[in-house]
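2 protein chains.
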Amino acid sequence: MFRNFKTVPYVIFGRGAFNQLGAILSEKRQVPEGFMVFLVDNAFVEKDLRNRIPARPEDLTLWVDVNDEPKTAYVDQLTGHVRDFSSVLPEGVIGIGGGSTMDLAKAVSLMLTNPGSSADYQGWDLVRHPGVYHVGIPTLSGTGAEASRTTVLSGPDKKLGINSDYTPFDQIVLDPELVCGASADQRFYTGMDCYIHCVESLSGSFLNAFSRSYGEKAMYLCREVFLDGGPEADDKLMVASYFGGMSIAYSQVGICHALSYGLSFVLGVHHGIGNCLAFDHLDEYYPEGVEEFRRMMKLHNIELPWHRLPNVAEQEIEKMVDVALVLEPLWENALGSDWKTIMTRQKIRDLYAGILTEAHQK
Amino acid sequence: MFRNFKTVPYVIFGRGAFNQLGAILSEKRQVPEGFMVFLVDNAFVEKDLRNRIPARPEDLTLWVDVNDEPKTAYVDQLTGHVRDFSSVLPEGVIGIGGGSTMDLAKAVSLMLTNPGSSADYQGWDLVRHPGVYHVGIPTLSGTGAEASRTTVLSGPDKKLGINSDYTPFDQIVLDPELVCGASADQRFYTGMDCYIHCVESLSGSFLNAFSRSYGEKAMYLCREVFLDGGPEADDKLMVASYFGGMSIAYSQVGICHALSYGLSFVLGVHHGIGNCLAFDHLDEYYPEGVEEFRRMMKLHNIELPWHRLPNVAEQEIEKMVDVALVLEPLWENALGSDWKTIMTRQKIRDLYAGILTEAHQK
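Going line by line, the protein sequences match chains A and B. Just so you know, we're using this note's numbering here: the first sequence kicks off at 1 and counts up by one. Just so you know, we're using this note's numbering here: the second sequence kicks off at 1 and counts up by one.
To be clear, the hints were calculated from the coordinates, so they are not data collected in a lab. One should not assume that every hint holds.
[Stated by the list, open to error] Calculated lysine-lysine pairs in the DSBU-like style (CA-CA distance at most 30 Å, straight line):
id, chain 1, residue 1, chain 2, residue 2
1, B, K28, B, K71
2, B, K6, A, K28
3, B, K6, A, K6
4, B, K319, B, K158
5, B, K319, B, K347
6, B, K347, B, K158
7, A, K28, A, K47
8, A, K319, A, K347
9, B, K28, A, K6
10, A, K319, A, K71
11, A, K28, B, K28
12, B, K158, B, K340
[To be verified] FRET-style restraints, in silico, Cβ to Cβ:
id, chain 1, residue 1, chain 2, residue 2, range
13, A, T344, B, N301, 50 to 58 Å
14, B, D68, A, R50, 34 to 42 Å
15, B, L325, A, E328, 53 to 61 Å
16, B, N301, A, N301, 49 to 57 Å
17, B, P115, A, P57, 54 to 62 Å
18, B, R56, A, R50, 50 to 58 Å
19, B, E33, A, D84, 42 to 50 Å
20, A, R52, B, W306, 51 to 59 Å
21, B, R56, A, D350, 53 to 61 Å
22, A, A23, B, E33, 34 to 42 Å
23, A, G230, B, G354, 37 to 45 Å
For clarity, every value in this text was computed on a predicted model and none was experimentally measured. The beta carbon of each residue, even a glycine, is placed where N, CA and C say it ideally should be.
Looking at chain A on its own, in the form it has when it is part of the complex:
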C-alpha cells in the first residue's frame, strides 16, 4: 500500500509574492459577515511586514508567541479566541511565521471544525472534518511545515503531530524576501532541520524514487546554501524546505528527530536547536552527515547552545525516552524492522545522557 499523498494545491513562489496575498484572499472573501484570521509570529509586531499584511478592518489578527514550541493547550486557546470573536467561522486562517506559527495556523484551522481538544487528534488520520481554508507563509526556511501533512504539537503526554489529509495548507506563499529579517543563528538552526531531515530520510529504509529525488535535491540545495554560499541563498533554502516537506511522502526522518522530540517535550528546547544538539551526538549512525554538519557549523560560526539544557532529573530522562519511543516509524526507518533489538531503552537513555553530559561540561 502506497500513501495517496495530499499536496498543497496552490503554490506561489517569488521575491515579492507576498504582495499578491491580498488578491489571493479576495477571491475567498465571499459573504458580507465574513472575516479572515491572521495568525502572525509576534516577532513581527514592530516590523515593516506588519503594515504589508492585507488585513481588513473586519479581520482578526492574533499575534502568537512561539518562544515555546506549539502546545495543544495553546492551539485550543487560540481557537477559543476565534470563536469568541465571531459566531460564524472565518473564511480563512493565514499563518505568517516559521514552522511553529505555520503549525499553529494549521491546527487552529482544523480545530475550528472538529470538536474537542487538539490533543485528541495527535496521531494519524484522526481528523474527521476538513478545516477552514488555510494559508501558510513561511518567514524562515527549513521545517517543511509549508508542504507537510502534519502539525507538530506538544500535548499533555506526548509531542506528536496531527497527521491527516486535511492538515496541509490550501495555499502557500513562498516569498524568499520574507526571510531577510531572521538572525543568522535562527536561519541556520531552521535550515538544519531540512538538512538533517534529508540525511535521515536518504539513509533510511523507507524510500522510493519520488521521495529520494526530492530529498536529494533538497540536500544538494542545503549544501549550496551552507557550504558554498553565493547568491540566491534565501531562494534556494526556501525551495529546499518545500522539497524536504514533499520528500516525506514516502520517507521518514530517523534517530535525530526522535531524540529531538524528547528534548523538546521535556525541556522545551526548540525543534531546530534540539535537532542540532542531538545530531552532534550521532556520529555512529550518520557519520558523513554529522561530519558535513560540523563543517557547516564552522563556516557559519555556530556555537551550539548547550547552555540551554538545564540539569535534568533521572525521571525526566525517562520521560524523554518515553516520548522518543512513541515515534516507532522513525526508529524503523532508521534501523529496520527489528529496531527494537538494536535500540533498547538503555541505549536511548545513554544517547540522552551523552547529550546532557556535554551540556554540563560546557
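Fit chain B to the supplied structure of chain A, relying on the hints for placement.
This is chain B only, laid out in the frame that chain A set:
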C-alpha cells in the same frame, strides 16, 4: 506578478500503485446512477493491463486512438460519446496512456462542463467551469502531462493547449511498472520530451529557484536514465517527467518546442519525435544539450525517423512558421524580449528547410 501555480492535489507513486486505483475511485462513486469513464490508449486492448482496470459494469470505457496527435474534433467526438451514454455527468474521467491519452482525458473532463467546442478554449485561462473529477495514469514517461495545467490540442487553425487552473488532474497514479510494455523507441522519444524541455527551460530567461530546482533534478534524472542506465530507470524517468511538469510553473520551453508544434500541426508528426527532429538542428542555440542528446541517441541505437517527413509544399512551410510564431512566450523565453529582431520569419523558414532537407537526403 507570479503565477499562483495549481498543482495536482493527490499523487500516489510506487510500483504496483495502479492496484490502488479501484479503492481511490470508490470514494468518488457517490450516487446510484453514477458511472466513471475510462479513456484508455487502444494499444492496451489486448494487453494484461486491460483486465486490471477497475471498471464496473455501469462504467464506460473508451479506447482511444492516439496514432494521430490529439485534435479538438476528436475531443468533441469523445465528449459526445459520454453525453450519448448517459444524461448525467460521469463521476470521473480516468485517462490511462501516454501524454496524448492523458491530454484527451483532461480535455474531455473540461468539455463535459463547458459549452461549445474544445477549440474555443485553446489559449490561456478561457475555461469558465471546473471539469469533472479527472485522474491521470501515465504508461509512458516524459511529457509532464500528468503534472501540467495544459492539454495540448491541434485545432482547426493552430496547435495550442487549453491552459487553465481547471486543467490539472485531481489525482495522478504514478506506477513505474506500467511503462514496461512500451517499445525502446517510444520510451526514448517520450523521455526526450522531458530532457529537451529541461534544456530549453534551464537556458531560458523565464526562471526562478523553484522552477530551476525542479528542472535541474529532472535533467539529472534523465542523464541517469539515458546515459548511465542502471536500476530503477523506469522509476527515475517517471519522477523526471513529473518534475519536468512541475518546473513549468515559472519557466517555459523554447525554440525546439515551437518548431515541433509546427511539424506536428502540418505533418501530424508525434510531439516526441517532432522535438527530436527539430532539436537535432539546433546546435546553434543549445550546443551542449544537442551534443548530449546525440550521445544519448547513440547509446540507445536511435535512428531518427526522418522518413516520416514527407515532401512539403512551400505553403505548408509557411503554415508551420505561422504555427510556431503563435507561441510567443516560447520565443521570448529562448531569446529575450527583443526576440522578434533575432527570429524573423525567414530565419524560422530556414530552420524548417534545414530539417526537411535532411529528411529528403536520407
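Hints, one by one, checked against the model:
1. B:K28 - B:K71: holds, 29 Å
2. B:K6 - A:K28: Roughly 16 Å between the alpha carbons, so the hint for K6 (chain B) and K28 (chain A) holds.
3. B:K6 - A:K6: holds, 13 Å
4. B:K319 - B:K158: holds, 9 Å
5. B:K319 - B:K347: With Cα atoms ~14 Å apart, K319 (chain B) and K347 (chain B) stay inside 30 Å; holds.
6. B:K347 - B:K158: The given pair, whose Cα atoms are some 20 Å apart, holds under the 30 Å limit.
7. A:K28 - A:K47: Given that 30 Å is the threshold and the Cα spacing comes to 27 Å, the pair holds.
8. A:K319 - A:K347: holds, 14 Å
9. B:K28 - A:K6: With a Cα-Cα distance of about 16 Å, the restraint between K28 (chain B) and K6 (chain A) holds, given a limit of 30 Å.
10. A:K319 - A:K71: OK: K319 (chain A) and K71 (chain A) at ~17 Å, within 30 Å.
11. A:K28 - B:K28: holds, 25 Å
12. B:K158 - B:K340: Between K158 (chain B) and K340 (chain B) the Cα gap is close to 20 Å, so the pair holds against 30 Å.
13. A:T344 - B:N301: 50 to 58 Å: holds, 56 Å
14. B:D68 - A:R50: 34 to 42 Å: violated, 58 Å
15. B:L325 - A:E328: 53 to 61 Å: Given range 53 to 61 Å: holds, Cβ gap about 60 Å.
16. B:N301 - A:N301: 49 to 57 Å: holds, 55 Å
17. B:P115 - A:P57: 54 to 62 Å: violated, 41 Å
18. B:R56 - A:R50: 50 to 58 Å: This hint holds: roughly 56 Å between Cβ atoms.
19. B:E33 - A:D84: 42 to 50 Å: Holds: the Cβ-Cβ distance is about 46 Å, inside 42 to 50 Å.
20. A:R52 - B:W306: 51 to 59 Å: holds, 57 Å
21. B:R56 - A:D350: 53 to 61 Å: holds, 57 Å
22. A:A23 - B:E33: 34 to 42 Å: holds, 40 Å
23. A:G230 - B:G354: 37 to 45 Å: holds, 40 Å
The structure is inconsistent with the numbered hints 14 and 17, although it conforms to all the rest.
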